[in-house]
Amino acid sequence: MIKLENVSKVYQTKTIETMALNKININIEQGEFLSIMGPSGCGKSTMLNIMGMIDEPSEGQISIGGAVIRDYSSKKIAQFRNTHLGFIFQSFHLINDLSVVDNVELPLLYRKLSSKERRAMAEEALMQVGLKNRMKHFPSQLSGGQKQRVAIARAIVGKPNIILADEPTGNLDSVMGNEIMDILLQLNQERGTTIVMVTHDESMANKTNRLIRLFDGNQVQ
Amino acid sequence: MLQNYFKLAIKVLARRKFFTFISLFGISFTLMILMLIAAFLENELGNNAPLSKKDQMIFIPRLIMTLEVIDTVPTVDSTLLDGIMRYDTTYEYVDRRPSFSSSSVSFPFLDKHMRSLDGAQRESFYSTGNTFDLFINSNKLSFSAIYADANYWSIYDFNFREGRPFQAQQVENQEQVIVLTEKAARSYFGKTTGVVGEILKLDNKSYEVVGVVKTPETNRSTVGADVFLPYTHVNPRSLNTEEFQGGFQGVYLSSNKAGLKRIKAEIARRAGQITLPDPENYNTLNPVAMTFMERYAQGVLYKEDPSKSVRMVFGLVTGLLLLFVLLPTLNLVNVNISRIIERSSEIGVRKAFGAHSGNILFQFVFENIVLTFLGGIIGFVLALVLINIINDSNVLGEVNLGFNFIVFIYSLLICLFFGIVSGLIPAYRMSKIHIADALKQNQA
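Read top to bottom, the protein sequences are chains A and B.
Heads up: the first sequence is residues 0 to 220, going by numbering that gives the first Met the number 0.
Heads up: the second sequence is residues 0 to 443, going by numbering that gives the first Met the number 0.
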């Protein structure tokens, strides 16, 4: 499903060169729930960003569903992200000026859908995360766990086959973290959505199918 | 999508009250000034009655008479060359104008030399700048008057509220008839209707009112008067003078714009054929023939060549307008950059979920257009209020500013220009931002 071949990422400044990823080779199968662990700065988020095509590798190539992304134009990449990928961020990244339902609708704005269709899909996604009753609320009126559930609804509203989650439980207490994890597991098991999750939490990682560990940009497990 | 963008634009504006106030104030104030200028220019230069056919007119407002002398100035240089003094004389020819006279034209000059010009459908000669003081119930009234021929009414399309213009026969017979503006009728008779047939006393003569016209909403001297009389009532000396200069001016109506050049050329040709009676004093004659725009521009910025005046006034107005538009636009660009940078996290999220740069660009430009249209509406209302105040206060004389469709379209275009230009640069910069970098900022 997702294949990283010899992927390296180097961050270059005037004085220093930092190797964030060093020749990473990973093959993630469809329907897999993979977690990535490692200490801060080891390249976990960089790897996730490269998988999500929001960052480019310095070397190597990435293919998703057999398609080599390097050959895509930026517009096609945007379209690909919209159709196939969903993102969940540690700090939610909700738009405070939009209501919950408008936030969830956001990925659908870039598809050719009527407002009625968009609204119906957003409501359905909110129902799946148990927040339909909060759809008219604004992010500032929600708790951290609720915000993350809205972010999950936004990630799944377009029915992507891959979800990339960057520390989705990192800003939550354990109860809320478990709730979020349950939703992700349910998505993976019931819908067969491929999920790649970066986490610091060993207990969360243990719930996934596979775990890889990074250290100083190298894959160590 | 537009609905979503609109909703967000309104939310952002409501949230950032100070920014919104600064932006809206800048936009609405500038637009108010621009709309005011546009309304003023439309009033001054638009095809409004009684100058609806102004683009087909050539005016002779003045006759310039000069004595042109070419002086020969010899210069003798001496050089000692091989022990011999040598002399070299050069001559320089210098144009001088020891006599120069510029004044309006005499009726006999126009009547004798400037009738039935090639390219002109008809012409009219009239005298402006005359005033009469009269007393009604011990109140002093001051009426400005134009002495005109019958053709005057077919060149300038006055709006007759009642009655009709005086006819050629009435002019020739020196009938004591008069046309008034509504304003004059109101101040003299206390009413604007039922005035035809009444008698108005002017300069110890009794004139029968034959027509009442809508007061021209302009200060142009060619049409801006309170009363209009047959030119045959002007001081008889003015009609019989042998001088070329006098108190009259001429206007010619062409059937099309091409005719204007022919009329000008014909005026110059005829002037060239005239023998000046006293070449010791004046040896050149130049009846100044100008289009409406040239005459207007020369009134603003005098240059001997009227077309140069037009170019300079056009450049000046364009420059001022550009400055008026550019300053708030630059300010808005600046404000927008900081406003958009604050929303970089949102841009990151949108791009992560499939927005491409074009979507982001469109969204922010759209938001700016919403903002500028809001400013436009406020500016429009402010301008209406200000125009009413200006009209009521008579600070611009008879000029009556008003909105019409053209001014409205100009205003809309100005709004659009503001919205696009002030939003485009910052939006373009932000649309190119790297997603990962954008997401690192302003985390929600």
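Hints listed in this document are in silico derivations from the structure and should not be mistaken for laboratory results.
Be careful, since some hints might not be right.
[Unchecked claim] Calculated lysine to aspartate or glutamate pairs in the DMTMM-like style (CA-CA distance at most 20 Å, straight line):
1) A:K158 / A:E28
2) B:K213 / B:E161
3) B:K431 / A:E55
4) B:K213 / B:D81
5) B:K6 / A:E122
6) A:K158 / A:D172
7) B:K263 / B:D54
8) B:K439 / A:E166
9) B:K439 / A:E178
10) B:K190 / B:E174
11) B:K16 / B:E341
12) A:K131 / A:E55
13) B:K111 / B:D148
14) B:K139 / B:D54
15) B:K263 / B:E303
16) B:K182 / B:E207
17) A:K13 / B:E303
18) B:K439 / A:D54
19) B:K52 / B:E207
20) B:K182 / B:D156
21) B:K431 / A:D54
22) B:K6 / A:E116
23) B:K213 / B:D156
24) B:K111 / B:D132
25) B:K260 / B:D436
26) A:K74 / B:D436
27) A:K206 / A:D181
This one's a predicted model, so the numbers in the text were calculated from it and none came from an experiment.
Do the hints match the structure? See the list:
1. A:K158 / A:E28: holds, 18 Å
2. B:K213 / B:E161: At roughly 9 Å apart (the allowed maximum being 20 Å), E161 (chain B) and K213 (chain B) satisfy the hint.
3. B:K431 / A:E55: holds, 15 Å
4. B:K213 / B:D81: violated, 87 Å
5. B:K6 / A:E122: holds, 19 Å
6. A:K158 / A:D172: The given pair, whose Cα atoms are some 28 Å apart, is violated under the 20 Å limit.
7. B:K263 / B:D54: With Cα atoms ~14 Å apart, K263 (chain B) and D54 (chain B) stay inside 20 Å; holds.
8. B:K439 / A:E166: holds, 14 Å
9. B:K439 / A:E178: violated, 26 Å
10. B:K190 / B:E174: violated, 24 Å
11. B:K16 / B:E341: Holds - the C-alpha atoms of E341 (chain B) and K16 (chain B) are around 15 Å apart, at most 20 Å.
12. A:K131 / A:E55: Judged against 20 Å, a Cα distance of about 37 Å means the pair is violated.
13. B:K111 / B:D148: Measuring from Cα to Cα gives roughly 15 Å; hence the hint holds.
14. B:K139 / B:D54: Not OK: K139 (chain B) and D54 (chain B) at ~38 Å, beyond 20 Å, violated.
15. B:K263 / B:E303: holds, 16 Å
16. B:K182 / B:E207: Holds. K182 (chain B) to E207 (chain B) sits at ~17 Å (cutoff 20 Å).
17. A:K13 / B:E303: With Cα atoms ~64 Å apart, K13 (chain A) and E303 (chain B) exceed 20 Å; violated.
18. B:K439 / A:D54: Distance ~13 Å between K439 (chain B) and D54 (chain A) Cα, so the pair holds.
19. B:K52 / B:E207: Outside the cut-off at roughly 29 Å; violated.
20. B:K182 / B:D156: OK: K182 (chain B) and D156 (chain B) at ~18 Å, within 20 Å.
21. B:K431 / A:D54: holds, 13 Å
22. B:K6 / A:E116: Holds, at roughly 18 Å.
23. B:K213 / B:D156: This hinted pair holds, its Cα atoms lying about 11 Å apart.
24. B:K111 / B:D132: The given pair, whose Cα atoms are some 33 Å apart, is violated under the 20 Å limit.
25. B:K260 / B:D436: Not OK: K260 (chain B) and D436 (chain B) at ~65 Å, beyond 20 Å, violated.
26. A:K74 / B:D436: holds, 19 Å
27. A:K206 / A:D181: holds, 10 Å
Violated hints, in rising order: 4, 6, 9, 10, 12, 14, 17, 19, 24, 25; the structure is consistent with all others.
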